[in-house]
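Peer 1: Chain by chain, the residues:
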Amino acid sequence: MKLTASLIRTKFKLYWPLTKSLQTALLLSTGLAGYMTARCPVMHWYDFLGLAVSLFLAIAGSTILNMWYDRDIDAVMNRTHHRPLADGRVSHGEALRLGLILSLLGVALAVLMSPLYGLIVFAGLFFDVVVYTLWLKRRTCWSIVWGGISGGMPILAGRAFGTGSIDGIGLLLAFAVLFWIPTHILTFSMRYFDDYQAARIPTFPSTYGFHATRVTIAVSSVLAAISIAMAGVLIGVQWGFVRLLTVLSAGLFLLAVASVFRPTERVNFGLFKYASLYMLSAMILLSL
Amino acid sequence: MKISVLDRVLLLATGLLAAWQVAVGIVGADTLPMIAYTVSFGVLLVACLLLIILGLDVLESPIVVIVSTIIPLGLSLGLVWEHLPAYRIAYLVFAIAGFLAIVITRLVPRRNRLPVILLASIHGVAGMTIFLLPILWAINGRATPGFSLVGIGGALIGIGGLLLSFLKTGKPILSRATILKILPALLLLMTAAFVAGFILA
Numbered sequence: 039m040k041l042t043a044s045l046i047r048t049k050f051k052l053y054w055p056l057t058k059s060l061q062t063a064l065l066l067s068t069g070l071a072g073y074m075t076a077r078c079p080v081m082h083w084y085d086f087l088g089l090a091v092s093l094f095l096a097i098a099g100s101t102i103l104n105m106w107y108d109r110d111i112d113a114v115m116n117r118t119h120h121r122p123l124a125d126g127r128v129s130h131g132e133a134l135r136l137g138l139i140l141s142l143l144g145v146a147l148a149v150l151m152s153p154l155y156g157l158i159v160f161a162g163l164f165f166d167v168v169v170y171t172l173w174l175k176r177r178t179c180w181s182i183v184w185g186g187i188s189g190g191m192p193i194l195a196g197r198a199f200g201t202g203s204i205d206g207i208g209l210l211l212a213f214a215v216l217f218w219i220p221t222h223i224l225t226f227s228m229r230y231f232d233d234y235q236a237a238r239i240p241t242f243p244s245t246y247g248f249h250a251t252r253v254t255i256a257v258s259s260v261l262a263a264i265s266i267a268m269a270g271v272l273i274g275v276q277w278g279f280v281r282l283l284t285v286l287s288a289g290l291f292l293l294a295v296a297s298v299f300r301p302t303e304r305v306n307f308g309l310f311k312y313a314s315l316y317m318l319s320a321m322i323l324l325s326l
Numbered sequence: 643m644k645i646s647v648l649d650r651v652l653l654l655a656t657g658l659l660a661a662w663q664v665a666v667g668i669v670g671a672d673t674l675p676m677i678a679y680t681v682s683f684g685v686l687l688v689a690c691l692l693l694i695i696l697g698l699d700v701l702e703s704p705i706v707v708i709v710s711t712i713i714p715l716g717l718s719l720g721l722v723w724e725h726l727p728a729y730r731i732a733y734l735v736f737a738i739a740g741f742l743a744i745v746i747t748r749l750v751p752r753r754n755r756l757p758v759i760l761l762a763s764i765h766g767v768a769g770m771t772i773f774l775l776p777i778l779w780a781i782n783g784r785a786t787p788g789f790s791l792v793g794i795g796g797a798l799i800g801i802g803g804l805l806l807s808f809l810k811t812g813k814p815i816l817s818r819a820t821i822l823k824i825l826p827a828l829l830l831l832m833t834a835a836f837v838a839g840f841i842l843a
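Chains P and W supply the protein sequences, listed in that same order.
Each residue of the first sequence is one higher than the last, beginning at 39 in the working numbering.
Each residue of the second sequence is one higher than the last, beginning at 643 in the working numbering.
For the record, the hints were derived by calculation from the structure and aren't laboratory data.
It is possible that part of the hints are untrue.
Said to hold, decoys possible - Derived DSSO-like pairs (lysine-lysine); straight-line CA-CA distance at most 30 Å: (1) P:175 to P:311; (2) P:175 to P:51; (3) P:51 to P:311; (4) P:58 to W:823; (5) P:311 to W:644; (6) W:823 to P:311; (7) P:311 to P:58; (8) P:51 to P:40.
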């Protein structure tokens, strides 16, 4: 019995980093926020729990599949070479099985809850694993658009589960995440430029240069902020929260502008961190 | 300088208080003071988040002087607009012109003392307005006694401004480490005093 518990603990410690827990949690929060924006008059705890579990399984599963496929890249990058798959602590067959099982369970639960919701969850998984990871990531820096589209699926799925349909607000929220993704990923690809070069992954900085990348980040930050603000107004978020969203958006925009005109490693890192905090805060405010 | 967990907690608490103030607004305030207060507390919120993310070393940046001007100017503008109607336009012009003057003198390098004189004058007027107006209004019964807490916040923001200015000039009355150590607590106290003062007003 003790041996089994110890084995489970050991496996959990190895598997947990494969899920990129912070990224998964952030995407999960967007899905839950999407559901909350539907303002359902009656909310059942089991719907909420089902949503959280199905999204977690699908997002974690697709992340593991992504990590499974990219294990050769992770092995040559300084930032990622210590990951359990890259350094061999988890075998690739084991990771593949785990990724597939979690993904299938997540999608299956989502379909059981609502076919439309399940379809969107599946679309997110498909875009992330097949289109982004398997097909485009090693070919073009524009693959992040597809990564962004898959990143926008949890919030669209959550909203669709709450309203029973795909509406304009849901699409606007998905656009917000899509436009936010470059701020997150491109700042990252500048910070770890040498790593991506070593792994021969085409990125915006390596293809178009750092200045063009910073301009892209600034523009996408503005578009993300506009999308979130529009969605907030259409949802009927209280004016106080709209004011707060505006303040946080202004911070994001100013940091993005600072990174264009006064580019430093510190500003870049600040923008990366702030963007995550911004998205989490925006999700909380839209949910209230 | 590495930011400690306690500093992070203090800054987070300050940021949350500022966020709360932005969200609830000031009861009964007109549009312009509401915008002025929102800008002030908004700058405070974003500044706290950046301090948490980037550490206290970010205070070395030359832009801090410009950004830290917005907080007292916005608060004092809101107070004047609400409580001294006869001086509304004059103070609005002063706030805008003062801010632009600080921006220009900080961005265009000058060898004379004009930037320092301008900064001290504009901060001085704004700081004294935030400090004196609520206290005087509370004393002569035009506002509730609790409103004087805004004045206490004004005094604290003045102290914080002085410490930062000394830090920037390179001739601090306290050591750099001491200033950076007390700053997060000072920011929290200042924000708490403002928020409490506006609630009790």
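Peer 1: Now tell me, hint by hint, if it's right for this structure.
Peer 2: Outcome of the hint check:
1. P:175 to P:311: Roughly 23 Å between the alpha carbons, so the hint for residue 175 of chain P and residue 311 of chain P holds.
2. P:175 to P:51: 28 Å, holds
3. P:51 to P:311: 25 Å, holds
4. P:58 to W:823: 34 Å, violated
5. P:311 to W:644: 17 Å, holds
6. W:823 to P:311: The hint holds at about 23 Å.
7. P:311 to P:58: At roughly 16 Å apart (the allowed maximum being 30 Å), residue 58 of chain P and residue 311 of chain P satisfy the hint.
8. P:51 to P:40: 17 Å, holds
Of the numbered hints given earlier, the model fails hint 4 alone.
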